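Here is what each chain is made of, one letter per residue.
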Amino acid sequence: MKVTLLPEGLRPALQQRVEEASGQNVLACYQCGKCSAGCPVAGVMDLLPNQVIRLVQLGLVEEALTSQTIWYCAACLTCAARCPKGVDLPRVMEALRELAMERSGDHLPPDRLPAEALAEWPQQAVIGGFRKYTW
Amino acid sequence: MQNMEALPYFPGCTLKQRAAGFDRSARDVFSALGSPLAELPGWNCCGATFPLTVENLLDLTGPARILVSARAEGTRLAVACAACYNVLRRTNHLLRTDAEKREKVCLFIESEYDGDLEVVHILELLHREIGCGHVRQALRRPLEGLRVAAYYGCLLLRPAAEVGFDDPESPVLLDELLAAAGAAPVSYPHRGECCGGYLAVRSEEAALEASKRVLMAISAAGAEVVVTSCPLCQYNLDRRQAAIARQEAGFRPVPVLYFTQLLGLALGADGAGYRLDEHHVDPRPLLKERGLVEG
Numbered sequence: 000m001k002v003t004l005l006p007e008g009l010r011p012a013l014q015q016r017v018e019e020a021s022g023q024n025v026l027a028c029y030q031c032g033k034c035s036a037g038c039p040v041a042g043v044m045d046l047l048p049n050q051v052i053r054l055v056q057l058g059l060v061e062e063a064l065t066s067q068t069i070w071y072c073a074a075c076l077t078c079a080a081r082c083p084k085g086v087d088l089p090r091v092m093e094a095l096r097e098l099a100m101e102r103s104g105d106h107l108p109p110d111r112l113p114a115e116a117l118a119e120w121p122q123q124a125v126i127g128g129f130r131k132y133t134w
Numbered sequence: 000m001q002n003m004e005a006l007p008y009f010p011g012c013t014l015k016q017r018a019a020g021f022d023r024s025a026r027d028v029f030s031a032l033g034s035p036l037a038e039l040p041g042w043n044c045c046g047a048t049f050p051l052t053v054e055n056l057l058d059l060t061g062p063a064r065i066l067v068s069a070r071a072e073g074t075r076l077a078v079a080c081a082a083c084y085n086v087l088r089r090t091n092h093l094l095r096t097d098a099e100k101r102e103k104v105c106l107f108i109e110s111e112y113d114g115d116l117e118v119v120h121i122l123e124l125l126h127r128e129i130g131c132g133h134v135r136q137a138l139r140r141p142l143e144g145l146r147v148a149a150y151y152g153c154l155l156l157r158p159a160a161e162v163g164f165d166d167p168e169s170p171v172l173l174d175e176l177l178a179a180a181g182a183a184p185v186s187y188p189h190r191g192e193c194c195g196g197y198l199a200v201r202s203e204e205a206a207l208e209a210s211k212r213v214l215m216a217i218s219a220a221g222a223e224v225v226v227t228s229c230p231l232c233q234y235n236l237d238r239r240q241a242a243i244a245r246q247e248a249g250f251r252p253v254p255v256l257y258f259t260q261l262l263g264l265a266l267g268a269d270g271a272g273y274r275l276d277e278h279h280v281d282p283r284p285l286l287k288e289r290g291l292v293e294g
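Each protein sequence line maps, in turn, to chains A and B.
Using numbering that gives the first Met the number 0, the first residue of the first sequence is number 0, and each one after it goes up by one.
Using numbering that gives the first Met the number 0, the first residue of the second sequence is number 0, and each one after it goes up by one.
Treat the hints loosely; a few may be bogus.
[To be verified] Listed next, the in silico SDA-like pairs over lysine to any residue satisfying Cα-Cα at most 25 Å (straight line):
{"id": "1", "chain 1": "B", "residue 1": "LYS100", "chain 2": "A", "residue 2": "ASN24"}
{"id": "2", "chain 1": "A", "residue 1": "LYS33", "chain 2": "B", "residue 2": "GLU204"}
{"id": "3", "chain 1": "A", "residue 1": "LYS1", "chain 2": "A", "residue 2": "PRO11"}
{"id": "4", "chain 1": "B", "residue 1": "LYS15", "chain 2": "A", "residue 2": "GLN56"}
{"id": "5", "chain 1": "B", "residue 1": "LYS103", "chain 2": "B", "residue 2": "ALA137"}
{"id": "6", "chain 1": "B", "residue 1": "LYS100", "chain 2": "A", "residue 2": "ALA79"}
Note that these hints are calculated values from the structure, not bench results.
None of the values given here were measured: they were computed from a predicted structure.
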């Protein structure tokens with residue numbers, strides 16, 4: 000029996016899309032967990048940052064897209080600064096957010112923001128939120 | 000760097016609204032040191048966050064337009080807000096190093112730009128050019144051992160290769176500047192970690208998780224006041240203290256100021272327009288006790 004392995008078969012389409020959008024090689028990650036160890040909001044995430052990139056490595060992008068973690072990443076770049084393999088994980092998170100919103104629309108529609116909070120938040124928070132949670 | 004020409008300065012949208020006290024105090028500091036800031040004419044919003052996906056060129060057009068305007072005014076642009084600094088500096092770096100993207104963005108905004116501009120943060124200007132020695136000489140009300148926690152946050156430090164002007168894991172510039180003003184900066188961990196950023200827009204719980212870690216360390220170090228150079232850090236660290244005080248019996252609230260507010264007062268400014276009454280943890284009792292504002 001002849002078995003042929005083609006790169007297209009080994010690299011699922013969605014994984015390739017995440018890699019292209021983020022400019023990152025997700026297979027470079029060797030799962031040391033340093034990103035999760037230093038993440039300042041790991042405590043409220045449903046999946047740890049290294050688990051999200053593991054799902055993408057395995058081609059289970061659909062599961063990564065349903066994780067709350069991609070919305071909890073504030074792009075503080077602590078993980079990117081410390082990754083021994085040079086993976087810029089916040090770029091992967093942003094690619095996943097874009098993919099999720101391309102399918103489902105705005106994650107947080109602006110008209111759902113409470114008026115009293117809008118009066119209190121710094122403009123920078125509102126604009127930053129729009130950039131990350133709307134499509 | 001005394002009595003030089005006014006330096007082109009980008010305030011950004013937050014410094015015109017919620018953080019007007021930061022804008023006013025930054026201008027005070029530079030005027031007191033003989034290098035006044037001149038607001039860039041016709042500026043627009045920088046976008047608040049740097050786009051992280053490769054093909055998102057649209058979000059670069061806003062900051063690129065600012066860089067083009069600034070280049071018409073000179074070869075340097077001073078920025079106070081850490082977020083604006085981060086976005087403008089990263090955009091400038093990208094336009095300088097990626098010819099293909101530069102061409103596309105320039106075509107879109109119908110402008111010529113070659114990246115020949117330096118985006119500088121005011122902390123770097125104060126420390127490296129004006130100098131701690133000059134600050135020390137210009138003091139009118141030295142901070143006299145005030146125990147200050149210098150908080151750097153993310154945006155001045157990362158990514159170090161593009162924005163960093165200080166040690167990314169162990170920054171010192173803000174501490175040294177405050178020490179020059181007579182303060183006694185306290186040593187504490189998490190000074191370069193995230194306050195929660197814009198996460199509060201979606202989840203207060205997440206913002207609290209991040210800012211609490213920083214504030215507990217600051218409180219444990221015995222700081223009397225925290226200073227920052229980012230309106231979002233100021234907001235998160237200031238606003239979350241009521242919730243932390245409810246959760247942690249031993250937590251002692253500590254006022255959060257922009258570093259220019261403290262420095263401006265030390266350099267003799269009267270604090271007019273600093274909007275100290277808008278801070279959640281009232282800094283005025285401490286500032287009065289220290290003789291930095293009129294009682």
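Consistency of the hints with the structure:
no.	hint	verdict
1	B:LYS100 to A:ASN24	holds (21 Å)
2	A:LYS33 to B:GLU204	holds (23 Å)
3	A:LYS1 to A:PRO11	holds (22 Å)
4	B:LYS15 to A:GLN56	violated (44 Å)
5	B:LYS103 to B:ALA137	violated (47 Å)
6	B:LYS100 to A:ALA79	holds (23 Å)
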